[in-house]
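Number of protein chains: 2
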Amino acid sequence: MNEELIERRRRLLGPNFSTFYKNPVHIVRGKGVWLWDASGKKYLDCYNNVPHVGHCHPEVVNAIAEQAKILNTHTRYLHEGILDYLDRLLSKHHKTIETAIMVCSGSEANDIALRMAEAKTGHRGVIVTDSTYHGNTSAVSQLGYGRNMGPVGDHIRYIKAPDNFRDNETMDISEAKFFKQNVVEAIDSLKEAGHGVSALLICPFFANEGFPNLEHGFLDEAISNIRNEGAIVIADEVQPGFGRIGTNWWGYQKIGIEPEIVTMGKPMANGHPVACVATSTEIMGSFRNNYGYFNTFGGNPVSCAAASATLEVVENEKLIENALAVGQYALKGLEELKKEFPQIKQVRGSGLFFGAEMRGENNEPLTQYVSQIAEKMRDKRILLGVLGKNRNTLKIRPPMVFSKNNVDHLLEHLRDTMKEAECGL
Amino acid sequence: MNEELIERRRRLLGPNFSTFYKNPVHIVRGKGVWLWDASGKKYLDCYNNVPHVGHCHPEVVNAIAEQAKILNTHTRYLHEGILDYLDRLLSKHHKTIETAIMVCSGSEANDIALRMAEAKTGHRGVIVTDSTYHGNTSAVSQLGYGRNMGPVGDHIRYIKAPDNFRDNETMDISEAKFFKQNVVEAIDSLKEAGHGVSALLICPFFANEGFPNLEHGFLDEAISNIRNEGAIVIADEVQPGFGRIGTNWWGYQKIGIEPEIVTMGKPMANGHPVACVATSTEIMGSFRNNYGYFNTFGGNPVSCAAASATLEVVENEKLIENALAVGQYALKGLEELKKEFPQIKQVRGSGLFFGAEMRGENNEPLTQYVSQIAEKMRDKRILLGVLGKNRNTLKIRPPMVFSKNNVDHLLEHLRDTMKEAECGL
Numbered sequence: 133m134n135e136e137l138i139e140r141r142r143r144l145l146g147p148n149f150s151t152f153y154k155n156p157v158h159i160v161r162g163k164g165v166w167l168w169d170a171s172g173k174k175y176l177d178c179y180n181n182v183p184h185v186g187h188c189h190p191e192v193v194n195a196i197a198e199q200a201k202i203l204n205t206h207t208r209y210l211h212e213g214i215l216d217y218l219d220r221l222l223s224k225h226h227k228t229i230e231t232a233i234m235v236c237s238g239s240e241a242n243d244i245a246l247r248m249a250e251a252k253t254g255h256r257g258v259i260v261t262d263s264t265y266h267g268n269t270s271a272v273s274q275l276g277y278g279r280n281m282g283p284v285g286d287h288i289r290y291i292k293a294p295d296n297f298r299d300n301e302t303m304d305i306s307e308a309k310f311f312k313q314n315v316v317e318a319i320d321s322l323k324e325a326g327h328g329v330s331a332l333l334i335c336p337f338f339a340n341e342g343f344p345n346l347e348h349g350f351l352d353e354a355i356s357n358i359r360n361e362g363a364i365v366i367a368d369e370v371q372p373g374f375g376r377i378g379t380n381w382w383g384y385q386k387i388g389i390e391p392e393i394v395t396m397g398k399p400m401a402n403g404h405p406v407a408c409v410a411t412s413t414e415i416m417g418s419f420r421n422n423y424g425y426f427n428t429f430g431g432n433p434v435s436c437a438a439a440s441a442t443l444e445v446v447e448n449e450k451l452i453e454n455a456l457a458v459g460q461y462a463l464k465g466l467e468e469l470k471k472e473f474p475q476i477k478q479v480r481g482s483g484l485f486f487g488a489e490m491r492g493e494n495n496e497p498l499t500q501y502v503s504q505i506a507e508k509m510r511d512k513r514i515l516l517g518v519l520g521k522n523r524n525t526l527k528i529r530p531p532m533v534f535s536k537n538n539v540d541h542l543l544e545h546l547r548d549t550m551k552e553a554e555c556g557l
Numbered sequence: 133m134n135e136e137l138i139e140r141r142r143r144l145l146g147p148n149f150s151t152f153y154k155n156p157v158h159i160v161r162g163k164g165v166w167l168w169d170a171s172g173k174k175y176l177d178c179y180n181n182v183p184h185v186g187h188c189h190p191e192v193v194n195a196i197a198e199q200a201k202i203l204n205t206h207t208r209y210l211h212e213g214i215l216d217y218l219d220r221l222l223s224k225h226h227k228t229i230e231t232a233i234m235v236c237s238g239s240e241a242n243d244i245a246l247r248m249a250e251a252k253t254g255h256r257g258v259i260v261t262d263s264t265y266h267g268n269t270s271a272v273s274q275l276g277y278g279r280n281m282g283p284v285g286d287h288i289r290y291i292k293a294p295d296n297f298r299d300n301e302t303m304d305i306s307e308a309k310f311f312k313q314n315v316v317e318a319i320d321s322l323k324e325a326g327h328g329v330s331a332l333l334i335c336p337f338f339a340n341e342g343f344p345n346l347e348h349g350f351l352d353e354a355i356s357n358i359r360n361e362g363a364i365v366i367a368d369e370v371q372p373g374f375g376r377i378g379t380n381w382w383g384y385q386k387i388g389i390e391p392e393i394v395t396m397g398k399p400m401a402n403g404h405p406v407a408c409v410a411t412s413t414e415i416m417g418s419f420r421n422n423y424g425y426f427n428t429f430g431g432n433p434v435s436c437a438a439a440s441a442t443l444e445v446v447e448n449e450k451l452i453e454n455a456l457a458v459g460q461y462a463l464k465g466l467e468e469l470k471k472e473f474p475q476i477k478q479v480r481g482s483g484l485f486f487g488a489e490m491r492g493e494n495n496e497p498l499t500q501y502v503s504q505i506a507e508k509m510r511d512k513r514i515l516l517g518v519l520g521k522n523r524n525t526l527k528i529r530p531p532m533v534f535s536k537n538n539v540d541h542l543l544e545h546l547r548d549t550m551k552e553a554e555c556g557l
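Chains as they are written, first to last, in this note's numbering: chain A, 133 to 557; chain B, 133 to 557.
None of these hints come from the bench; they were simulated from the model.
In this list, chains with the same sequence are indistinguishable; a pair is considered to hold if it fits within one copy or across any two.
Calculated cross-link-like contacts (lysine-lysine; reagent style DSBU-like; alpha-carbon spacing at most 30 Å):
1. Lys201 / Lys163
2. Lys292 / Lys309
3. Lys508 / Lys154
4. Lys201 / Lys174
5. Lys536 / Lys201
6. Lys173 / Lys536
7. Lys450 / Lys536
8. Lys536 / Lys163
9. Lys174 / Lys551
10. Lys477 / Lys386
This is chain A alone, in the form it adopts within the complex:
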């Protein structure tokens, strides 16, 4: 059955379009943290952040269904939906994040953010890390270093991602100083090349980088160098945002910065295609003076209803508090596992984005091993992923309704899997 689907997929979606897992799952139904495959088998979803408040949350489903019955049109007409939603969303940010453009994907949001930064600064140079991903348009896919994204513009500088285990680098200066130094070098290089500096674009949780442990204030020195150039900071909150990290609404709050532009996406409307780029009135003005931007679907009444319902559920069900409590419980459980399995080099994360970095006896990243763990967990019907610079970190990022019982279930199977896999180390 899967064979036939895989074949149709190859024919209709084209070659080299990968699935998760060597033995892909055929998911047909979801509810909360659970997914079911076509044969009725139930999987614990420890991976998907898009269904933020849980798969098929009835309040979001109803909001979509009810608004779709009444009206779905664009923002060239007046409508309260987008205004009510943005009033609410922007209130979760610092006060210079006061205006926004709603779009359909995080890619569209970051694509605009780059143009906003250019319009504001008059420069093109962008600094990103060497293990990041900010989307799939022509402009932003170039920011995804080493991801097979075609030609890369000369106005982009990749700097070393923050890392708790700097490979082949001396550890004699702090990570913050090291990062700042890399930013300064990138600034100099961009100026020398005549691009000038437009923005430092980061996920403030450094999610794809493997979410290293970084102290509050880690970015301060790097950012003051950026601002000294008249350049700005763009925080991509597509992964840490909407309370996922438990301690705050946004990743940038946890690390202690106030970005000039914030982009939000994936979890924003629980799977409905909605994203957003928010900034100050001043930067929005610079952008709008330079670009007659309009997005047909962005901010339509149904998208806004879906996003509003998602925000409401996060608050009503106290899901940020849940993320914090359950996340702390999970980290404790992983620390227990670490005592049993020396290959767990570091347990880390925040809220419902956590994992463990695995390294061997000589500190070598266990890339292959971690990938095997994810495959074996899939066979035990637990879905999780892998990330980080060396792809040797377990990526656990479940819907925000994940419970302590779910953590127990996850860790029990992770322990079994690691025991079984030890011979493969």
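Got chain A; can you put chain B on it based on the hints?
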């Protein structure tokens, strides 16, 4: 009340973000071809193509609501939704359009199409008309000539749009020869600049150009020049597609070409954010070898359910046949009006995309006048727009369930409006 909304809009969506009409409408409800404002007033929608099968069509609404209850996840897992839909959609195209990427917006689709063309040809040069629009990402917004879209890449060549009233140009060669000549010049210029030629990207109905009357085969010579260079043709079907033009499913079929890449968007899922780029297995292969492209929301089960339901309604309700019959009826009615009003220089269109170009006694485009007509029609609660190179053509592009009665209603008010406005000529 509108004042307050306009003020909130300015604050939350930023400055210079325009509405339709000087006195914008505050739409709260829609059904079929009708829209209602907050005070309960009813408007005839002669403008919106996004709600393709009619505002809030119950079958599309139900499809969205039902699938949203069951599952909404991404295409890294196996799911029949996207495969069943694409099998059906691709069968409406010629046989080399055999594989597709589903995305969230026409902009994302065209952004990929450019990269597909580059991956296939190894060249970057793109030819577009000087009155077009193909979306809003950094890469494709540059194709929208004169639209205040920021810096334009040197790899783009704008050619004169086809025009039934070539301003300041001799009319001693046919429009097809004139167009071909412009394409050839653009090819030469791109080669000279070292870019080579990647693609001719067109809306095959030349919608934004003012949908001039063009004979079947109009593009043949131009395209054979493009293909002689090893370059390809991208048809942007975001406006004419899905049967709008009445005679065919796609604009490219009407004009008689077989593009290598087709992009589809706006009407595809009746307002749900869905779009698509389709091509041959070979071109898809070139793209996928060069770009590790993935779209989180693209092709999710809810989007596919919405798109499938829309396609089904087009077929079940025979909306293409309706577009043809009602469109012909409308053209006849407009021809009658033309006898009364000499400022109507030409009546044209196909299916449910029609209008009239207005010119003065000395053949000057009546840009201001046509814009006034649209404003006055809004006050009579009939929503339509303006387009064309000189923005002197009425743009009438209603939902596909538009009836002959709706045409009568529209034309009656258009007659009155033109009578009242004659003093302003």
